[in-house]
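Enquirer: Letter by letter, the chains look like this.
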Amino acid sequence: MANKDINQMGLPKWITNIFTARNITTAKEVLSLTEFQLMELLDVGLADVTSAVAHISEVVCPPCQTALLLMEHRVRNENLAGHLPTRLKGLDEALCGGLPFGVLTELVGPAGIGKTQFCLKLSLLASLPENYGGLDGSVIYIDVESKFSSKRLIEIGMKSFPEIFHMKGMAKEMAGRILVLRPSSLSEFTESLHEIKVSLLQHQVKLLIIDSMAALVLGESDYGGPRQHPLGWHVSFIKSLAEFSRIPVIVTNQVRSQIRDAVCKYSFQAQSCAETKDDTARYDSHLVAALGINWAHAVTIRLVLEATSGQRYIKVAKSPMSPPLAFPFCITSLGISLLNDDGVELTGLEISTITCQGQNDVLNIDGERLWG
Amino acid sequence: MEVGRLPISTSRRGKLLSAGYTTLASLCSASPSDLARDIEVSEGEAIEILKIASHTSRLDGSNGSLAAVNVGAQTAWDMLHEEEFSARITTSCLDLDNILGGGISPKEVTEIGGVPGIGKTQLGIQLAVNVQIPIHCGGLGGKAVYIDTEGSFMVERALQIAEACVEDISEYSARLRKDFQVDQVKMHPNNILENIFYFRTCSYTEQIALVNYLEKFITEHKEVKVVILDSVTFHFRQDFGDMALRTRLLGGMALKLMKLTKKFNLAVVLLNQVTTKHTEGSFQLTLALGDSWSHSCTNRVILYWNGNERCAYIDKSPSLKSASAPYSVTSRGIRNSASSCKRIKMM
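In the order they appear, the protein sequences are chains A and B. Counting from 1, one number per residue, gives the positions in the first sequence under the numbering used here. Counting from 373, one number per residue, gives the positions in the second sequence under the numbering used here.
Keep in mind that the hints were calculated from the coordinates and are not lab data. Mixed in with the good hints, there may be bad ones.
Said to hold, decoys possible - Taking lysine to aspartate or glutamate pairs in the DMTMM-like style, the calculated list, with each CA pair at most 20 Å apart, reads: (1) Lys588/B / Asp48/A; (2) Lys594/B / Asp43/A; (3) Lys265/A / Asp663/B; (4) Lys594/B / Glu566/B; (5) Lys628/B / Asp48/A; (6) Lys588/B / Glu58/A; (7) Lys423/B / Asp43/A; (8) Lys628/B / Glu58/A; (9) Lys649/B / Asp687/B; (10) Lys628/B / Glu29/A; (11) Lys423/B / Glu58/A; (12) Lys172/A / Glu130/A; (13) Lys628/B / Glu35/A; (14) Lys635/B / Glu592/B.
Said to hold, decoys possible - Some chain A residues flagged as far from chain B (calculated, every beta-carbon gap over 10 Å): (15) Glu40; (16) Val60; (17) Glu173; (18) Ala175; (19) Ser185; (20) Glu243; (21) Gln311; (22) Thr332; (23) Ile351.
Note that the Cβ used here is the ideal one computed from N, Cα and C, for glycine as well.
Just need the whole structure built from these sequences, with the hints factored in.
Expert: Shown next, in the form of structure tokens:
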């Protein structure tokens with residue numbers, strides 16, 4: 001809408017001609033100028049400029065919906081009221097049914113905690129037929145770190161959904177629906193995003209996974225700092241992809257250790273800051289998400305996967321609807337599963353910290369190495 | 373008084389000046405046909421110019437008398453009276469209402485910022501629901517416009533909060549009914565959702581267009597008492613190269629929003645993100661969009677983590693003293709931090 005041609009907006013003919021003559025063709029250009037600038041540029045009076053801008057604004061601005069209509073529309077038109085169930089019962093309940101369509105869900109956690117395992121499970125769930133509770137669609141899996149394992153995917157499928165995967169030809173069909181892309185650089189990734197936009201429309205894509213977002217940027221820049229800008233465009237593009245195709249988008253993020261100086265506070269907190277710095281001498285195990293605060297604002301749901309004294313937890317760190325809950329989980333041959341469905345409600349900052357203590361790294365599945 | 377100040381196009385202004393019409397007085401005595409001949413335009417255009425000129429000179433001419441200057445002005449005493457009696461939008465958290473002087477003030481632009489996951493969107497949805505608390509319960513009985521730039525508005529969550537709000541209202545009016553024998557029609561959560569006008573903007577152009585359009589929209593929907601923009605930042609932060617343009621566009625948008633608050637007596641709540649800023653050798657958190665933006669809002673509230681507690685801090689306000697108060701985000705919405713005091717604040 002923003003780049004809509006002014007000629008098509010139904011303005012009076014004479015003023016449309018003036019806009020064309022001054023080489024102002026899109027609403028974006030008009031709305032970036034002040035009324036005074038437009039008067040100078042178009043050589044017309046204030047009243048005409050004001051009414052033209054008001055008209056253009058009205059055409060460009062998005063339609064109004066009431067929240068009620070929005071809800072009824074979703075309940076009526078989408079499977080499972082617009083959610084992809086994770087089959088982790090407690091988590092699904094907390095998130096009102098699963099990972100919502102149309103927004104970004106982020107998985108963040110230290111290496112080897114089970115992010116990729118979770119992604120594999122989710123891609124299977126999205127590809128399952130509808131009568132088995134899936135979304136019956138294809139999945140685009142952008143595998144930046146080359147960690148996607150088809151063997152493991154089939155294994156999870158065989159163990160979790162034996163009734164489907166032991167049917168003849170079904171394993172092939174299910175796995176055939178998962179399309180893996182392996183971009184090696186940020187520019188390649190950018191290119192494939194554009195292609196994805198097209199294929200989202202053509203194929204029945206029901207899930208987009210990017211594993212991991214951080215690797216793309218970390219691979220590019222040689223020194224870390226507050227990385228905010230390189231992904232600016234991608235963030236809004238991916239968000240709009242999710243929005244317009246109404247599919248869930250899962251992205252993973254890595255962690256890095258917190259630099260002591262970077263413990264961020266507001267300026268009015270400066271005094272209390274000095275006090276707290278002394279008594280928190282446990283910075284060694286303090287991890288933060290690799291992509292900075294700008295990225296964190298952009299994701300709608302953030303799930304933190306962490307390990308505390310040998311136990312893995314999945315925490316709902318940011319979510320518009322869930323209380324701050326933590327669920328213990330483990331990784332088995334079935335993939336990721338919760339140890340209990342009740343969850344522990346955490347208070348305060350604990351929900352967003354990421355710890356990595358005493359994680360039993362050697363997790364054997366059928367005598368094989370663990371899956372990252 | 374100069375012709376140069378008339379809101380007419382540049383070429384017409386040039387013609388007027390070169391024909392010797394430099395003051396408004398000289399224009400006022402000219403007849404349309406004279407003017408048309410002198411500056412070589414059609415008579416229709418000449419009439420139009422004269423209309424603008426006489427309008428402008430009327431405004432200027434009234435300079436002498438004090439009363440005319442006061443058109444649209446109010447004395448401080450009237451303003452005080454008005455402010456005291458205008459209802460505020462409760463946040464449903466008593467402590468937060470207290471430091472805000474009773475809630476979010478109508479006629480003002482309030483900016484609320486904080487780190488991801490602190491509860492900005494929650495507070496936004498809460499306000500969109502609370503503005504609908506009926507007048508007999510101490511609310512505004514208005515409607516809400518919710519502008520979602522990030523796609524983070526969750527209708528399921530709005531329903532939860534609306535349900536909790538309806539429960540609180542009926543509990544409150546049940547207590548009232550002992551005094552007044554008024555049988556109120558029970559509100560339904562769906563009514564609340566129906567009165568939230570939701571706009572989803574996907575680019576900064578749409579955002580600007582929408583702010584321009586709001587004036588017309590609200591003229592048609594006079595009951596709208598709060599406009600929530602969640603967040604003002606998102607589109608201006610991603611991929612925006614020209615910082616001077618950004619500052620200008622944001623400034624223009626803030627002015628238009630401020631005009632809305634005054635014209636329709638409604639509250640505008642802008643949600644902002646945070647960024648890190650390098651000062652004096654260390655990183656500090658600060659609200660995004662830069663220093664010139666921070667002048668644009670009347671009130672600024674920062675939400676932050678104080679240890680394990682969510683707190684709100686009044687960073688800037690012309691009338692409130694800087695203070696902070698704890699709050700919490702519960703399944704029923706924003707509530708007091710202490711779990712004992714869960715009742716919604718009315719009156």
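Enquirer: Work down the list of hints and note, for each, if the structure agrees.
Expert: These are the hints, each one checked on the structure:
1. Lys588/B / Asp48/A: 17 Å, holds
2. Lys594/B / Asp43/A: Given pair Lys594/B, Asp43/A is violated - Cα atoms ~35 Å apart, limit 20 Å.
3. Lys265/A / Asp663/B: Roughly 18 Å separates the two Cα atoms, so the pair holds.
4. Lys594/B / Glu566/B: Judged against 20 Å, a Cα distance of about 15 Å means the pair holds.
5. Lys628/B / Asp48/A: 19 Å, holds
6. Lys588/B / Glu58/A: Judged against 20 Å, a Cα distance of about 9 Å means the pair holds.
7. Lys423/B / Asp43/A: 18 Å, holds
8. Lys628/B / Glu58/A: This hinted pair holds, its Cα atoms lying about 15 Å apart.
9. Lys649/B / Asp687/B: 17 Å, holds
10. Lys628/B / Glu29/A: 19 Å, holds
11. Lys423/B / Glu58/A: 28 Å, violated
12. Lys172/A / Glu130/A: Cα-Cα ~17 Å, so holds.
13. Lys628/B / Glu35/A: Cα-Cα ~13 Å, so holds.
14. Lys635/B / Glu592/B: 13 Å, holds
15. Glu40: Non-interface label on Glu40/A violated, nearest chain B Cβ at 6 Å vs cutoff 10 Å.
16. Val60: 4 Å, violated
17. Glu173: 32 Å, holds
18. Ala175: At about 31 Å from chain B, Ala175/A clears the 10 Å cut-off, so the statement holds.
19. Ser185: Holds, because the least Cβ-Cβ distance between Ser185/A and chain B comes to about 19 Å, which exceeds 10 Å.
20. Glu243: 5 Å, violated
21. Gln311: At about 21 Å from chain B, Gln311/A clears the 10 Å cut-off, so the statement holds.
22. Thr332: About 30 Å separates Thr332/A from the closest Cβ of chain B, which puts it past 10 Å; holds.
23. Ile351: For Ile351/A, whose nearest Cβ neighbour in chain B is about 8 Å away, the distance does not exceed 10 Å, so it is violated.
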